[in-house]
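Sequence lines, in order, name chains F and H. Numbering-wise (my numbering), the first sequence opens with residue 2 and increments by one. Numbering-wise (my numbering), the second sequence opens with residue 456 and increments by one.
Hints in this document: simulated from the structure, not taken from any laboratory. Each residue gets a CB set at the ideal place from its N, CA and C atoms; glycine is no exception. Check before you lean on any hint, since a few could be wrong.
Across the chosen pairs, the derived CB separations fall in these ranges [stated by the list, open to error]:
#1 F:143 - H:537: 45 to 55 Å
#2 H:466 - F:138: 22 to 32 Å
#3 H:593 - F:43: 16 to 26 Å
#4 H:477 - F:69: 52 to 62 Å
#5 F:138 - H:550: 39 to 49 Å
#6 H:594 - F:98: 27 to 37 Å
#7 F:136 - H:514: 56 to 66 Å
#8 F:53 - H:512: 25 to 35 Å
Derived lysine-lysine pairs resembling BS3-like cross-links, with alpha carbons at most 30 Å apart [claimed, not checked]:
#9 H:603 - F:127
#10 H:467 - H:546
#11 H:588 - F:85
#12 H:539 - H:467
#13 H:609 - F:85
If we take Cβ atoms under 8 Å as the criterion, some of the chain F residues that face chain H in the derived model are [as the list claims (entries may be wrong)]:
#14 84
#15 85
#16 119
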Amino acid sequence: MAVEKPAKSGAKGGGYALTTLESMIAWGRKYSIYPFTFATACCGIEVMGGFGTHYDMSRFGAEVVRFSPRQADMLLVAGTVNYKMAPVLVRIYEQMLEPKWVVAMGACASSGGFYDNYTVVQGIDKVIPVDVYIPGCPPNPEGMIDAVVAIQKMLETGAPRASERWPLRA
Amino acid sequence: MSEESKSPVLRKLLDTFGDAVVSTHSDFGDDTALVRREKVVEVCAFLRDDPDCLFDFAMDLTGVDYLGETPRFEVVYHLYSLEKKHRVRIKVRLHEDDPTIDSAVSVWPGIDWYEREAFDMYGIVFRGHPNLKRILMYEGFVGHPLRKDYPKTKRQPTVGPKD
C-alpha cells in the first residue's frame, strides 16, 4: 500500500491511499483470524496456554475462539485424529466458510505421530487440506503463534490457501 | 498339584463338572480352570449361584490369539466374588475355523460390552448375545485388529460422514 502525503495546495485533509481491494481485505483479515479449535489430545492444553495471558494470542488478532465452525476462519487441529473421528473433522471443515485455513498442530495431526497403528489417520492431510504444520509433541504455544503469523504472511503475499490448491479428497 | 492342595472353588468345579473341566492350576495363587466350550454358560451360572462360590462380579472378559497353536483362540473370564472376596479365571479354547462360544450375558448382564469388545478385536462370536456389534471400531472397519495376523501397517478406508 502506498500512502501519499497531502498535497500542499492548501486543501484540508486530502490524503489518499492507493491499494487494491484484495490487499485491503487481506489486511483486514490479517488481524482478525477467528480460530476454531479441534483439540483431541495434549496439544489442546498447549492451545489453552497460547490463548491465555502469558502467550496472549490477542497480540496477533487471533484470540476470539469461535465455538461454531461457521463463524471461524482457522481450523486448529490439535491432537490425534483416528479413523472414527475423521468424518467428524471433515464435516466440521466443510461447515467452515471460505476463506479458511487449516493448521495441523503437533506430530499426530501432521503425520499420525508415534501412533503408527490401525486406528489413527496418518496425518489429517489425508482427509482435509492443510495450510500450516506445526512440529512438536506437543509444540510450544510459540509454535501456534508462529502458525498464525505464517497465515498472516500468506494473506500479505496473497499465497493461495491449501483449500484452493488441493481439491478435497474425501 | 495334588488334589488336596487345590483351592475349594477349583475342587468344587472338578467335582461338579468332571470332564467339562479340562485342566486347572493355581500358579502364583491365581485359580484358573480350562473349561470345555459347550459347558461354559453352565459353569458360569454355577459359579454365580453356588453358595461356596458366589461369583457375582464378572470383572473382565478378554480374548487371546495364540497364532500358530491349535486351538488358536482363547476366551478368559475374570470373576470376583464381592461376598467371598475371592477370584477365579475361567478359560475356554476356541478353534480358528469356528470361533464361537455361548454368550454369558444371561448370567452376568454386565459382561455384554466385554463380549462385544472381544468380538470387535478378535472376531469371536458370542451366540445368544443381545446386540453383538462392534464397540470400539466403527461399522465400516474391516477385520479384527488384535488378531496376530492383522497386518501392522494395514490402513482402513476413511469413511465419509454419516447422513
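To see whether the hints hold, each was checked on the structure:
Roughly 52 Å separates the CB atoms of residue 143 (chain F) and residue 537 (chain H), a value that falls within the hinted 45 to 55 Å. Between residue 466 (chain H) and residue 138 (chain F) the Cβ separation comes to about 54 Å, which falls outside the hinted range of 22 to 32 Å. A beta carbon spacing of about 24 Å between residue 593 (chain H) and residue 43 (chain F) agrees with the range 16 to 26 Å that was offered as a hint. Range check, residue 477 (chain H) to residue 69 (chain F): Cβ separation about 60 Å, and the 52 to 62 Å hint holds.
Against the hinted window of 39 to 49 Å, the Cβ-Cβ separation of residue 138 (chain F) and residue 550 (chain H) comes to about 43 Å, which satisfies the hint. Checked against the hint of 27 to 37 Å, the C-beta distance between residue 594 (chain H) and residue 98 (chain F) comes to roughly 31 Å, which is consistent with it. Checked against the hint of 56 to 66 Å, the C-beta distance between residue 136 (chain F) and residue 514 (chain H) comes to roughly 42 Å, which is inconsistent with it. At roughly 45 Å, the beta-carbon separation of residue 53 (chain F) and residue 512 (chain H) lies outside the given 25 to 35 Å, and the hint is violated.
Between residue 603 (chain H) and residue 127 (chain F) the alpha-carbon distance is near 27 Å, which keeps this suggested pair within the 30 Å criterion. With a CA separation close to 16 Å, the supplied pair residue 467 (chain H) and residue 546 (chain H) stays within the 30 Å bound. Pair hint residue 588 (chain H) plus residue 85 (chain F) holds up; C-alpha atoms about 15 Å apart against a cutoff of 30 Å. In summary, the hint linking residue 539 (chain H) to residue 467 (chain H) is supported, as the alpha carbons are separated by about 15 Å, within the 30 Å threshold.
For the hint pairing residue 609 (chain H) with residue 85 (chain F), the CA-to-CA distance comes to about 15 Å; that is within 30 Å, so the pair holds. The closest approach between the C-beta of residue 84 (chain F) and any C-beta of chain H is roughly 5 Å, which is under the 8 Å cut-off, so the hint is satisfied. Proximity of residue 85 (chain F) to chain H holds as hinted, the smallest CB-CB distance being about 5 Å (cut-off 8 Å). Proximity of residue 119 (chain F) to chain H holds as hinted, the smallest CB-CB distance being about 4 Å (cut-off 8 Å).
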